[in-house]
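Participant: Given these sequences and hints, build the entire structure.
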Amino acid sequence: MSTETRDIIDLLAGIEPGSSLSGIRARRLQARENAQRSYVALFEPVDFGDVAAAERYAVAAFVAGVHDEPAATSFYLAKLAKAADRLELVEALKAETERARTEGPYGAFPAGPLSVEDKAGLIYRVAGDGQRVLGARLAAAVEHAHLLVFRPRDASSAAMQALLEAGWSTTAIVTLSQLVAFLSFQVRVAAGLRTLGAALGHHADAAAKAS
Amino acid sequence: MTDSIVVHASNNEPVAFTQDELGWLPWLDPLAEAELTERHWAGLVDRSRAKSDYFRLLVRDPEVLEARTKTDKDIFYNIADGLPRAERELAAAATSRYNGCIYCASVHARFATVHSKRRDDVQRLLDEGVGADLGARWNAVVRASVALASTPIGFGQQHVEELRSVGLDDAEIVDVINSAAFFNWANRLMLSLGEPTNGTDA
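Here the protein sequences line up with chains Z and B, keeping their order.
Sequential numbering of the first sequence, starting at 860, is according to my numbering.
Sequential numbering of the second sequence, starting at 32, is according to my numbering.
FYI, nobody ran anything at the bench for these hints, they're computed from the structure.
A quick note: this is a predicted structure, and the numbers were derived from the prediction, not measured.
One or more hints might be untrue.
[Stated by the list, open to error] Stretch by stretch, here's where chain Z covers chain B in the computed footprint (C-beta under 8 Å, at least three residues):
1. 139-152
2. 175-185
[Said to hold, decoys possible] Sample of chain B residues at the chain Z side, in silico, Cβ under 8 Å:
3. I36
4. V38
5. E44
6. V46
7. A47
8. D51
9. L67
10. R70
11. N109
12. I110
13. N130
14. N218
15. S223
Think of the CB as a built atom: it goes at the ideal place given N, C-alpha and C, for glycine as much as any other residue.
Facilitator: Here's what the structure looks like:
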């Protein structure tokens, strides 16, 4: 597998080298470089350890997909298609992503004065057919990813227990949690910068290139 | 060794947003300080972080923790230029309030107060929620943070325009985006790997 040398946030946000936004990002060079290093550590680590490459890409494609972020979804689906040994997995994951879409954040606060803000919503579970194709371990990861994306305040030690029972070690759960949480950051930075870039106007970039 | 969860049955859990100092109890076993290798110490970045259960849990994946910590520091502590610290912390606190992370909100509401000296306004964000009226400039930062935290992401041209209308330039808007986006990362770790507790650490 070739190492990714492109800056993934620039790629997802459509930021060109030499553009005004690229210059602004350069003022937070440590943040830019370490966001990229986070990506590499999660998706192209030297040692995949307890979490297989296909599992990482599958969860990432699901997280990007339920955010309705097409660029990130295509990016991680392409990685999954290369790493997965069967097409069936990619198709099942896409189907589950469609079933899992909703709007967040929602969930319950600890019982007390905040309970008036409790908001009910989809408690997503992988369907029977998806369970068969994904397997219990990946299905548990995808269900946990949905919890983290849409209703993080519903998180509980019971959710940790469900992952352990599905074969996730403590260290693997840390990696999985970082992966979902990092993706929640990455797609938002990319979306925010893409929106700002559109506000700056592509006219300026085009004019600069033409000169 | 079979891994298992840690249950805190008698925890005195905070049930409201607060600027008070809280502690945090992990649901999974952190590494013991004695188990840390050079690779782990590099992941912790600051050696003092070895005292924290949260960081000794995250250091089970040291390369990710190291990169995450350095991303965090540059977004919030690089004050060579850009958005004032207070408003970066406001974006973090608003994101945490909206996602429902009582622990994260407590820390970053405190920081917002320290840097802005607007304790009462910060408290209104915590008490009333992200709809609290905090004045045009803070309202714009809070609204942008909330739109960015929503799934699907709701951040649009109107948020850029509102931030510009209250005086932010493009680099400062990038600081809002980075600060708010980063807390979508932090909130999900803090909320899902353990629980807050009244009174400082355990």
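Participant: Look at each hint and say if it fits the structure.
Facilitator: Here is what the structure says about each hint:
Look at the region 139-152 of chain B against chain Z: 0 of its residues bring a Cβ nearer than 8 Å to a Cβ of that chain, fewer than three, so the hint is violated. Counting residues of the region 175-185 of chain B whose C-beta lies closer than 8 Å to any C-beta of chain Z gives 6; at least three are required, and the coverage claim holds. For I36 of chain B, the interface hint holds, the least distance from its beta-carbon to any beta-carbon of chain Z being 5 Å, beneath 8 Å. Satisfaction of the interface hint for V38 of chain B is found here, the shortest Cβ-Cβ separation to chain Z being roughly 6 Å, below the 8 Å cut-off.
Contact between E44 of chain B and chain Z, as hinted, is supported at the beta carbon level, the nearest pair being about 5 Å apart and thus within 8 Å. At a threshold of 8 Å, the smallest CB-CB gap from V46 of chain B to chain Z is about 3 Å, leaving the interface hint in force. A hinted interface residue such as A47 of chain B counts as satisfied when its beta carbon comes closer than 8 Å to some beta carbon of chain Z; here the least separation is about 5 Å, so the hint holds. Look at D51 of chain B: its Cβ only gets to about 15 Å from chain Z, farther than 8 Å, so that hint breaks.
Taking 8 Å as the C-beta cut-off, the interface hint given for L67 of chain B is violated, the closest approach to chain Z being about 14 Å. The interface hint given for R70 of chain B is violated, since its Cβ lies 11 Å from the closest Cβ of chain Z, which is over the 8 Å cut-off. Hint status for N109 of chain B: holds, given a least beta-carbon distance of 6 Å to chain Z, under 8 Å. With a cut of 8 Å, the hint placing I110 of chain B at the interface with chain Z is violated, because the nearest CB-to-CB distance is about 11 Å.
About 5 Å separates the beta-carbon of N130 of chain B from the nearest beta-carbon of chain Z, less than 8 Å, and the hint is met. Nearest Cβ of chain Z to the Cβ of N218 of chain B: about 6 Å, under the 8 Å cut. The hint holds. Interface hint at S223 of chain B: satisfied, since its Cβ lies 4 Å from the closest Cβ of chain Z, which is below the 8 Å cut-off.
The structure fails to meet hints 1, 8, 9, 10, 12 from the earlier list, while all remaining hints are met.
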